[in-house]
Amino acid sequence: MFAKKILSYFDTIAFSYKTNFLLFIIAGGMVCIIFLSVISIFSLKQDFDVLFERRTKPLVQLEEIKDTYKINIYDTFYDIQHDGISYEHATEVISLAKQLIGDGWIDYKKRIDSDFYKPSYVTSLITSAYPITSIKEKKILQTSIMNNIEKKITTIDQLMEEILYLLKYRKTEKAFELVDKLYFEINSINIYFTSLINYDLNLAINEKRKTEKVFNIIIIISIISIAFVFLFSIILSIIIINNFKKLHNSLELKVAVKTKELQKLNDSLEKKIKIEVTNNRKKDLIMFQQAKLASLGEMLQNIAHQWRQPLGSLTMIIQSFQTKMMHGKLTDEFVDRKVKDSLLLAKNMSNTLNDFRNFFNPDKDKTEFLLKDCLDHSLELSKYLLEKERITFTCAIKDNLTINGFYNELSHVFLNIISNSKDALASKDKGEAKLICIVIKKVNDMAQIIMIDNAGGIPDDVLPKVFEPYYTTKYKSAGTGIGLYMSKQIVEKHMSGTITCRNIKHKLGTNQLHDCAKFIISIPINQ
Amino acid sequence: MANKNLNILQEFNILYLEDDKNLREHTKDVLEDFVNNIYPVATSNEALSIILNNKVDVIISDILLENENGIDFLKYLKEDKNIQIPCILTTAHTDTKYLLNAIQLKVENYIIKPINIKELLNTLHDILLPIIQQKEIQKNQNMIKTISAVTDSKQVEVVNYIFNNLNNDNLLIASYAEIMEKISISKPTLIKLFKELAEKKILTKTQHKTYRFDQKSLEAL
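These protein sequences, in sequence, are chains L and S.
Using this note's numbering, count along the first sequence one by one with no gaps and you end on 527.
Using this note's numbering, count along the second sequence one by one with no gaps and you end on 1221.
Just so you know, these hints were derived from the structure itself, not from any lab.
Since the structure is predicted, the reported quantities are computational estimates derived from the model, not experimental observations.
There's no promise every hint is true.
Unchecked claim - Taking lysine to any residue pairs in the SDA-like style, the calculated list, with each CA pair at most 20 Å apart, reads:
1. K329(L) <-> N1005(S)
2. K324(L) <-> T1096(S)
3. K109(L) <-> I140(L)
4. K324(L) <-> N1170(S)
5. K388(L) <-> N1005(S)
6. K329(L) <-> I318(L)
7. K1021(S) <-> I318(L)
8. K518(L) <-> T392(L)
9. K70(L) <-> L59(L)
10. K383(L) <-> N1067(S)
11. K18(L) <-> G29(L)
12. K1055(S) <-> K1078(S)
13. K70(L) <-> K18(L)
14. K1021(S) <-> T315(L)
15. K1118(S) <-> I318(L)
16. K388(L) <-> E1025(S)
17. K1118(S) <-> E1025(S)
18. K1201(S) <-> N1170(S)
19. K338(L) <-> R1024(S)
20. K388(L) <-> T1091(S)
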């Protein structure tokens, strides 16, 4: 439960905290382990050192004392017994041995009493935590042994005094008796010493065991801590990896959701686009209609003008019959002449009407026709407007080309450009010549129609937009802004040609250079 | 068409300036029956030479000519050459710009194409009538003056007095005495004159001192 709580809490905290935590755990664990092991190793080493020095030295001392008894005293007395050495010499040796034994024993006792073995801090800490069987009750044994030894030493000392005293006074038999007793005492003291040594050795072994135990515990602690750090790192890593996976999964999920949304949006956009496109098509249709109506208006003006003159004449002819009748001059010859004239006029009017009607009839099929005819027809249709603005136009048909296409649509294009030129020229000063020059020639399997006017060119800011729909520089009443757009559509979509425009300087057959606008229509000849 | 006496046009010369050849010919064919002489021309230069060399009474001009403008030509005539000839403008345009220019030029009329020949003739008549009338008045005055010079001047003076004192109802209100005060004439002569006028029903007495002048009696003579 608790672990689960921690885990769930751990899940909630921020990702960066988790990684930091992991890093901290690993680093801290490592540092702890290293620190612990270094300290343990050094303290253990110290323990071993101290143990060795403290336990071996007293042993050596005891051994020395034991040897002194055995060699110096025992041997000396043996020599005396067998007349090996002189009395003086023996006394000297024995007093020296006594001295050595006394010093050694005091030293040993001092060592035992004074600096009682102090284990290192770590060892003591561990021993306090894990109590190791004490050896305190054995201490009594040690004390009793030591007491016995002290007693024996005094006994031996007394015996030796007595022996030496007897020897001094040459009571050899009695002395030898005592020497045997001394031998016995020395043997017993040696046994005591041996047991003390054994005891000390036991102590040393015990301590060694203790140290070993401490060492084992340290090792176990180290292993446990290493295992703990390792485990913890792995758990943390797993948690973090899980976290990564979760994050990844959630991100994937999010991405999928967003993708779906995007797809939806895309779909709806596509629908919208479709609707807009159809709307646009409708708009385009309306626009084309508008453009046609606009040019229809212009054409109507043309028709009106072209009809007005013959209409005037016809009116006059009709009235002339009445006046001639009044004056009695209505002769056959006069009637014949007038009827002939009127029929001619009526025929012209009819032709004009046909021209325009054909112009507004949409072409259903592509037909083969001479470019020149189409151009002439267009000029004829716009002749009145050009004349009205006193515009002179010249045509240079360099190649008489036949193309396959929509006659009326191309005628529309010509009329549009001529109409634009006319509008531009109309705003020019009256003094200057108003010129439109049209050239038809063949360029690389393309029929090129170049239309130049000297109206000063198209302003730079307008030039890139002339073919855009609804772009017009004229007042609303004057243009719909789709004439050139429609022309472009016709040329590019229906004739698979191109239409471009730019500003040039050209003489146009006069002496001076004019600022001109140049429209180039290229239409493939072999279609 | 016979509302007006179009015969008066017979004495006049007309200059017709029109660039459309068909219309010019047909209009000429119509007008030549009504006027003395018609000069159909296509350009202002031709027109000017005709005006300078011939007697032209009326100019009929189209406004939009080939490469020129009829109004400009008329302006040139009136302002630069100081030739004052009545003008009629014809045009296919109802443009007010032209109309204003035409009014400023004080042209006599402004006819919209197609031309109604009746309207044109009426306009010509209206323009030329004052000229004819002016001529007539001048002629009559000359006649009266001539008559009075060769006959008894007193009687002419009395007739003159009678016509000068006719009121709006063609009535003369006067006594012999009043007439004799103005004109030194003997009473018997005056009475004889009035009697004669009464016999011819030119001046009939309606009541005391009141006489009526009857115009119809003059035509019956």
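Now for the hints, and whether the structure bears them out:
no. : hint                  : in the structure
1   : K329(L) <-> N1005(S)  : 19 Å, holds
2   : K324(L) <-> T1096(S)  : 35 Å, violated
3   : K109(L) <-> I140(L)   : 15 Å, holds
4   : K324(L) <-> N1170(S)  : 43 Å, violated
5   : K388(L) <-> N1005(S)  : 40 Å, violated
6   : K329(L) <-> I318(L)   : 14 Å, holds
7   : K1021(S) <-> I318(L)  : 17 Å, holds
8   : K518(L) <-> T392(L)   : 16 Å, holds
9   : K70(L) <-> L59(L)     : 16 Å, holds
10  : K383(L) <-> N1067(S)  : 14 Å, holds
11  : K18(L) <-> G29(L)     : 16 Å, holds
12  : K1055(S) <-> K1078(S) : 16 Å, holds
13  : K70(L) <-> K18(L)     : 76 Å, violated
14  : K1021(S) <-> T315(L)  : 14 Å, holds
15  : K1118(S) <-> I318(L)  : 12 Å, holds
16  : K388(L) <-> E1025(S)  : 24 Å, violated
17  : K1118(S) <-> E1025(S) : 18 Å, holds
18  : K1201(S) <-> N1170(S) : 13 Å, holds
19  : K338(L) <-> R1024(S)  : 13 Å, holds
20  : K388(L) <-> T1091(S)  : 14 Å, holds
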